[in-house]
Amino acid sequence: MNLASLALAYARRRPLATFLNVLLLAVGVATITLVILVSSELEGRMQREAAGIDLVVGAKGSPLQIVLAGVYHADVPPGNIPLAAVEELARDPRVREVIPMAMGDSFRGFRIVGTVPAFVAHYAARLHAGGLWAAPLEAVLGSETAQGTGLAVGSSFAGSHGLAEGGGEHGDRAYRVVGVLAPTGTVIDRLVLTGMDSVWAVHDAHGHAEPHDEDADAAPPAREVTLALVKYRSPVAAASLPRAINSRTVLQAAAPAYESARLFSVFGVGTEVVRGFALLLVAASGLGLFVALTQALDERRLDLAIMRTLGASRGRIVGVLLLESAGLVALALVCGLALAHGVAATLGDWLPAAAPLAAGAARWRAEEGWVVLLALAVGIIAAALPAWRAYRLDVAATLAES
Numbered sequence: 224m225n226l227a228s229l230a231l232a233y234a235r236r237r238p239l240a241t242f243l244n245v246l247l248l249a250v251g252v253a254t255i256t257l258v259i260l261v262s263s264e265l266e267g268r269m270q271r272e273a274a275g276i277d278l279v280v281g282a283k284g285s286p287l288q289i290v291l292a293g294v295y296h297a298d299v300p301p302g303n304i305p306l307a308a309v310e311e312l313a314r315d316p317r318v319r320e321v322i323p324m325a326m327g328d329s330f331r332g333f334r335i336v337g338t339v340p341a342f343v344a345h346y347a348a349r350l351h352a353g354g355l356w357a358a359p360l361e362a363v364l365g366s367e368t369a370q371g372t373g374l375a376v377g378s379s380f381a382g383s384h385g386l387a388e389g390g391g392e393h394g395d396r397a398y399r400v401v402g403v404l405a406p407t408g409t410v411i412d413r414l415v416l417t418g419m420d421s422v423w424a425v426h427d428a429h430g431h432a433e434p435h436d437e438d439a440d441a442a443p444p445a446r447e448v449t450l451a452l453v454k455y456r457s458p459v460a461a462a463s464l465p466r467a468i469n470s471r472t473v474l475q476a477a478a479p480a481y482e483s484a485r486l487f488s489v490f491g492v493g494t495e496v497v498r499g500f501a502l503l504l505v506a507a508s509g510l511g512l513f514v515a516l517t518q519a520l521d522e523r524r525l526d527l528a529i530m531r532t533l534g535a536s537r538g539r540i541v542g543v544l545l546l547e548s549a550g551l552v553a554l555a556l557v558c559g560l561a562l563a564h565g566v567a568a569t570l571g572d573w574l575p576a577a578a579p580l581a582a583g584a585a586r587w588r589a590e591e592g593w594v595v596l597l598a599l600a601v602g603i604i605a606a607a608l609p610a611w612r613a614y615r616l617d618v619a620a621t622l623a624e625s
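Each residue of the sequence shown is one higher than the last, beginning at 224 in this note's numbering.
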């Protein structure tokens, strides 16, 4: 009988202990791997969505709130800002480009963003069908928006007040879908895009449903936008422009790179807690494997002594224990990695917000190599002492005791 067959036979003699050790290690491996998959996909997506945006400007308030609302569209903006102030900022020689955004409405949970065609160009989005908006109340849907709402080119819809579902509907001002964007893997996939004049028209009508004669000759209202994305003409602008905006204008400037780093420092605390729990599971499985191998060695002392008398070398005896441990670790690794990638793929298929996980689950990440090395190290450490005891087994004394 070769070493592999012998190690398998020994593992099958204690099915419950073998199953529990493999299960505990597999759960630990799966937890660590899933944390790696989720955190790396989230970090990668946030970096992709913030790429090329040097600054976000909005109303005075929290810089993190401005970045979350303007770059990731995951928070409520602090308020509106004068369009004139944004246009003045665009004329600053340190600024290469400013992309204004007017927000405040949504459709079935997807935000309606009034902006300019440069917004589409920034995300390198291509049209899947139709074209871009060219007149008021024409809308272009991101790929996830089109899929989630079932709308297509030619469809009409009315936006709801507010950035979440449940707001009052602007039924007197319906948008017409003129285009659908191809998937980009960025936040634009989850938006409804239109011109800023569309957002102004909807809100003007909503705010002046019953016009009075005395207002007929009134001056048009001063236009406002919600946020603006800013790109520097030169990296040197980072040293002076944000400070100048915050101290001399009504605007608040926030750097996505800095605020994202702050966000990840907070998010990282949670992932480290989960990862620490997973490491405890791995350590507990290693301890369980050590106890199982030690007990198994005590039960097999006579078997091993007989094998030695039949010509088996000490190395062969040690090899059986090491191979048994390695086999259990390998089985746990396969199960744990498969479980983690399977859970990630399932989450990506079931939850629209986690859709990138489905594609990420099919990729191997370098950090997973460290998980494999960790599990192998646990297996080697757990088998080291039992293997050393087997190596030093006194054949004569063992046979005499029996």
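Read the hints as simulated data drawn from the structure, not as lab findings. Computed from a predicted model, the values in this text were never measured in an experiment. There may be inaccurate statements among the hints.
Stated by the list, open to error - Taking lysine to aspartate or glutamate and the DMTMM-like style, the derived pairs with C-alpha atoms no more than 25 Å apart in a straight line are:
| hint | residue 1 | residue 2 |
| --- | --- | --- |
| 1 | 454 | 311 |
| 2 | 454 | 495 |
| 3 | 454 | 617 |
| 4 | 283 | 310 |
| 5 | 283 | 420 |
| 6 | 283 | 395 |
| 7 | 454 | 590 |
| 8 | 454 | 624 |
| 9 | 283 | 482 |
| 10 | 454 | 266 |
| 11 | 454 | 272 |
| 12 | 454 | 427 |
| 13 | 454 | 420 |
| 14 | 283 | 315 |
| 15 | 454 | 320 |
What the hints assert, rightly or not - Quick list of simulated restraints, FRET-style, between CB atoms:
| hint | residue 1 | residue 2 | range |
| --- | --- | --- | --- |
| 16 | 589 | 481 | 22 to 30 Å |
| 17 | 299 | 408 | 35 to 43 Å |
| 18 | 341 | 271 | 17 to 25 Å |
| 19 | 446 | 331 | 48 to 56 Å |
| 20 | 302 | 572 | 35 to 43 Å |
| 21 | 235 | 574 | 14 to 22 Å |
Here a beta-carbon is modelled for each residue, glycine too, at the ideal position from N, C-alpha and C.
Regarding the pair residue 454 and residue 590, is the alpha-carbon distance no greater than 25 Å?
Violated - the C-alpha atoms of residue 590 and residue 454 are around 33 Å apart, more than 25 Å.
Given hint residue 420 paired with residue 283 - CA-CA distance at most 25 Å:
24 Å, holds
Residue 454 and residue 420: Cα distance at most 25 Å?
At roughly 23 Å apart (the allowed maximum being 25 Å), residue 420 and residue 454 satisfy the hint.
Would you check the hint for residue 454 and residue 624, treating anything up to 25 Å between C-alpha atoms as holding?
The given pair, whose Cα atoms are some 83 Å apart, is violated under the 25 Å limit.
Would you mind confirming whether the straight-line C-alpha gap from residue 454 to residue 311 stays at or under 25 Å?
This hinted pair holds, its Cα atoms lying about 14 Å apart.
Outcome of range test on Cβ distance (residue 341, residue 271; 17 to 25 Å)
18 Å, holds
Distance restraint between residue 454 and residue 427, which requires alpha-carbon spacing of 25 Å or less
30 Å, violated
For residue 454 and residue 272, compute the direct alpha-carbon distance and say whether it is at most 25 Å.
Cα-Cα ~14 Å, so holds.
Pair hint residue 283 and residue 482, alpha-carbon separation not exceeding 25 Å:
16 Å, holds
Take a quick look at whether residue 283 and residue 395 sit within 25 Å of each other, Cα to Cα.
32 Å, violated
Using the beta carbons of residue 446 and residue 331, state whether their distance is inside 48 to 56 Å or not.
Because 27 Å falls outside the window, the suggested range is violated.
Holds or violated: are the alpha carbons of residue 454 and residue 495 at most 25 Å from each other?
Violated, at roughly 34 Å.
Checked against the numbered hints above, the structure violates hints 2, 3, 6, 7, 8, 12, 17, 19 and 21; every other hint is satisfied.
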